[in-house]
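So the protein sequences, as listed, match chains A and B.
The numbering used here runs 8 ahead of the 1-based position in the first sequence.
The numbering used here runs 20 ahead of the 1-based position in the second sequence.
Simulated from the structure, these hints should not be mistaken for lab results.
Only a predicted model underlies this, so the values are computations on that prediction, with no experimental measurement involved.
Please note: incorrect hints may appear among the correct ones.
Output of the computed footprint for chain A on chain B, the stretches with three or more beta carbons under 8 Å from beta carbons of chain A [what the hints assert, rightly or not]: (1) 73-84; (2) 101-111; (3) 206-214.
Ideal Cβ positions, reconstructed from N, Cα and C, are used throughout, including at glycine.
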Amino acid sequence: MKPVILAIESSCDETSAAVLENGKVLSNIVSSQLAHAKYGGVVPEIASRLHQQDIIAVVHEALEKSGKTRTDLDAIAFTRGPGLLGSLLVGTCFAKSYAFGLGIPLIEVNHMQAHVLANFLSDSPPAFPFLCLTVSGGHTQIVLVRNYLDMEVIGQTLDDAAGEAYDKAGKIMGLPYPAGPVIDKLAKEGNIDFHDFPIPSIPGLNFSFSGLKTNLLYFLRDNLALNPDFIQQNINDICASYQHRIVSYLLAKLKKAAREYKVKDLAIAGGVSANSELRRQFGETCEKLQVRPHIPAFQFCTDNAGMIGIAAHFKYLAGEFADLEAVPFTREG
Amino acid sequence: MTAKKKTPETRQPLILALETATSVSSVAIFAGPELLGNLEFFGQNRHARLLTPMVNTLLHDLELQPADLSAVAVSKGPGSYTGLRVGVSTAKGLCMALDIPLISVGSLDALASEVVPLATELGAQIVPMIDARRMEVYTATFDAQGQRLTEVEAVVVEENSFADLLESGKVIFTGNGAAKCREILQHPNAIILDHNLSTARGMGRNAWTKFQTSEFADLLTFEPFYLKEFVAIVSKNKLI
């Protein structure tokens with residue numbers, strides 16, 4: 009069985025379509041919505057409108073680049089959630105009627121599982137069981153992966169996601185949205201010891217990030233009272249020490265989990281796994297623990313349909329199909 | 021010899037119509053101008069769940085296949101933003117899968133179309149209204165034949181909103197927006213049909229006209245008619 013699957017992702021502010029054949033990505037088209045930048049965050053109604061505008065062109069291009077035609081397709085996959093309702097609705101409704109029109113099966117995919125399974129788009133995928141640290145603008149999770157479709161969240165954030173900690177810091181310092189890549193770049197020239205951000209004390213494998221941005225806010229407020237140019241003069245050092253705390257905190261928890269679950273493979277996934285400091289420290293951590301590190305290729309870290317396609321591939325092989333009544337869900341649980 | 025069924029060749033082109041501008045989920049199939057069958061669900065927020073299954077059921081009940089369709093007509097609005105996007109996304113998926121054209125029909129045109137026989141009989145103008153929340157309605161004025169006379173607009177209904185129109189002769193107010201105007205439309209010339217809701221049945225006439233003249237929507241760029249630009253507010257609050 010070498011299924012050809014068209015996958016669609018529309019959970020937030022990326023409209024994406026991919027074609028996979030037997031679990032290999034033939035095309036992966038991503039249209040990123042730039043309109044949200046000036047609002048400092050994703051505006052749901054604008055996101056929904058843009059998905060509607062882009063979906064046909066994106067699907068068309070994905071098919072064209074793949075060298076396949078619609079009659080070659082064996083199934084249509086879509087992101088059912090979690091995500092923004094209006095955004096998810098566009099991809100879901102399109103996928104349902106497209107599959108129905110072609111008379112082929114429909115496959116629903118959980119966006120968070122897909123992030124984890126993006127690690128199987130590599131030539132040397134992780135061995136089961138493994139742990140995956142999934143970090144994005146909306147999520148921070150440590151996932152125990154027993155098999156392709158058998159996963160358990162063993163730790164997660166109790167408030168903000170790691171990506172949110174970046175975006176909120178960016179907002180405080182007047183950096184453009186999304187702030188992650190900007191802070192990552194500025195941090196490269198900075199001193200990680202500039203300010204000692206407190207380590208959030210949350211028991212077990214869960215996370216908390218909301219205190220970090222509050223600490224940053226007070227730290228900057230106090231210093232700005234003495235020096236109005238404090239941020240501009242120290243932007244690199246502020247970013248370096250802030251980012252260092254986020255990343256080392258993430259990895260301390262992952263290390264703790266790795267010891268508890270005694271796995272031989274560790275993976276990272278999600279938009280924040282494109283972060284250079286996270287990649288660097290992840291490599292160091294794996295070396296120390298003597299486990300194999302896995303990071304998806306850059307194009308499969310941020311939201312993309314390729315990862316939806318690989319998740320759908322495993323569901324296709326397992327015979328897990330959705331019916332035409334499928335509707336999006338916005339949150340887990 | 022097998023019994024010969026009516027083949028698609030001897031039949032008028034089949035047009036599937038989808039209407040989701042209000043809370044009603046509705047699908048209809050027309051052979052040329054003639055209604056073959058329709059399904060309607062009167063409820064709240066079920067478009068995404070029900071629309072494709074309703075198309076499936078209706079085709080099945082009419083002993084048709086998706087491939088028998090010649091075009092898909094979709095309500096372009098105005099109406100509920102989410103409802104319209106569900107309809108348009110569903111229509112686009114079908115058109116792309118079946119490689120058939122997309123036809124867009126205004127939600128007010130479809131509403132007006134349903135009361136044309138009555139309007140013609142009474143020599144009345146038609147004012148379809150779709151609820152746009154609070155005291156606002158999406159509306160336009162149509163002649164007795166269902167031809168639109170004014171721009172589609174969002175109107176805040178007030179005491180004398182339709183006074184001039186009502187002085188000029190009989191007016192049929194139709195659609196879910198007409199219900200909230202009952203109070204102010206206490207005029208001998210006003211005929212209020214607020215039980216008439218937006219359904220795909222009313223789309224047939226417009227869809228067939230557009231099909232015959234090949235007035236198709238561009239699948240790639242077609243968007244619902246939102247009427248209003250969405251304006252988000254850029255936060256000016258400084259955090260520090």
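Checklist entry - What hint numbers does the structure not satisfy? => result 3
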